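*Asks:* Those sequence lines, one after another, are chains A and D. Residues in the first sequence are numbered from 4 upward in steps of one, following the working numbering. Residues in the second sequence are numbered from 92 upward in steps of one, following the working numbering.
Note that these hints are calculated values from the structure, not bench results. For clarity, every value in this text was computed on a predicted model and none was experimentally measured. Treat the hints with care, since some could be wrong.
Incomplete in silico selection of chain A near chain D, CB under 8 Å [unchecked claim]: (1) L77; (2) T127; (3) T135; (4) D149; (5) L167; (6) I201; (7) E217; (8) R229.
A few chain A residues that don't get close to chain D, going by computed Cβ distances all over 12 Å [said to hold, decoys possible]: (9) L25; (10) T35; (11) L39; (12) E51; (13) A242; (14) L244; (15) G246; (16) L247; (17) F248.
C-beta: ideal position from N, C-alpha, C; glycine also.
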Amino acid sequence: MILPDLLVVVIAAVLLLVLMRLQRKASPRFRTIPALSRLYRAIGLSVEDGTRLLIGLGNTSLLTRSAGAPLAGLGMLRRLTERTSLSDRPPVAVAGEAPLALLAQDTLEAGYQGAGAGEYYQPTNGRLAGLTPFSAAAGTIPMLGDEDVSAAVFMGHFGVESALLADAAERANAFAVGSSDDLAGQTVWFASAPETLIGEELFAASAYISGTPEQIASISVQDVLRWVIIGALLLGSGAKLLGLF
Amino acid sequence: MRIVALVLAIVAGLVVLIGYFIPVLAPIQNIILDWAIILVGTATIVGVFNLVLVHGSKIAQREKGRAYSVILLICLFGAFVFGLVLGPAHPWMRLIVNGVIVPVEATLMALLAVTLVYASIRLLRRRANAMSIVFLATALVMMIASATLPSGEIGALNNFLRPWLQHVLAFGGARGILLGVALGTLLTGLRVLIGADQPYGRG
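Just chain A, with the same shape it has in the complex:
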């Protein structure tokens, strides 16, 4: 099983590098994701109103196989910080895992510097909310209620505790977009949040916001690989139906 895995990684890497070069010349065309369209508006309103944006990064360790989701969340944090750093109330990033909280601080600082507002960066805006999923949720809920949050983006590894976060956001009249790489988390977000990012939309979100060639290329590679998998599944089913194996 090692060879096919290696082959997928190598093909993905080669495609990514090739498409990164090609994307510099062509402008991207994305399908509309309603959750992200509403998020744009909510971010614009939060900057105009001088209210706060909260970004939740979930509670998984970066040493597990779920590390992709918080990394995608950090990418989103960087883009959103660049857009909202000059708001009256700076954005807050919350994590349920200490290394993730430190990376969130680093990303916030990079976002402020990217926006040319490095002097406004405050380390306490990247926070550790708790060390277990429920304690992190319990630590985030008061922030939604007490810190004038008008928009909340939850992007990372969240489980069933998502319902508590969505409920707290609704009580605080904050627009919430929920996403998770966990199936239970996605289900709960779908039932309880105003907008949800399903499946790979979580990983595409920061490309929609920033549109750098690297991120656009990675969406294209995802699409190519997805069609390859669909083809393989159909071929396999057909072959099985015909009794070839």
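Chain D: place on chain A using the hints.
*Replies:* Okay, now just chain D, sitting in the frame of chain A:
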């Protein structure tokens, strides 16, 4: 400094990745992973300092809800001192875990059940579309089919519809979503590996 961080991250990432495919590199991969575990432990201590800093400033600036911050800090320092003096395996330390943390998390879990029912009821008001109707109808069918009613089980639901929904539709959908998540994770990892995304330093 930024270049050094970038090179270190790329080299370490590549060695760990290649270590999965080439067994000769596995010992080096293990060493790097051990270092990472030590760093995560250290980062946890730094993270707890961040927690103290955030709640300390909340108390100093007399912000709303500062009483909870005071309680949190007292409990944090209390548990830390007791843990240092008695050790984590001491019965008193176990009492803190079993008598406080476990019941609090269980309470939140119970609250979650109520919150989810309430959220499902409001789902159609919040997002009235075909997907919401399918979601609620499926949840309802699954619950009725799984429940033991006074009249006994509903045979058609329990024996035919529930397994079909679970094993055909739900498994198929879940696998599709998980494939998308896996591809997204792979590409996110590769972007970090080639230095296109840098969730560290000032990249």
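*Asks:* Any hints this thing doesn't respect? Which numbers, in order?
*Replies:* Failing hints: none at all.
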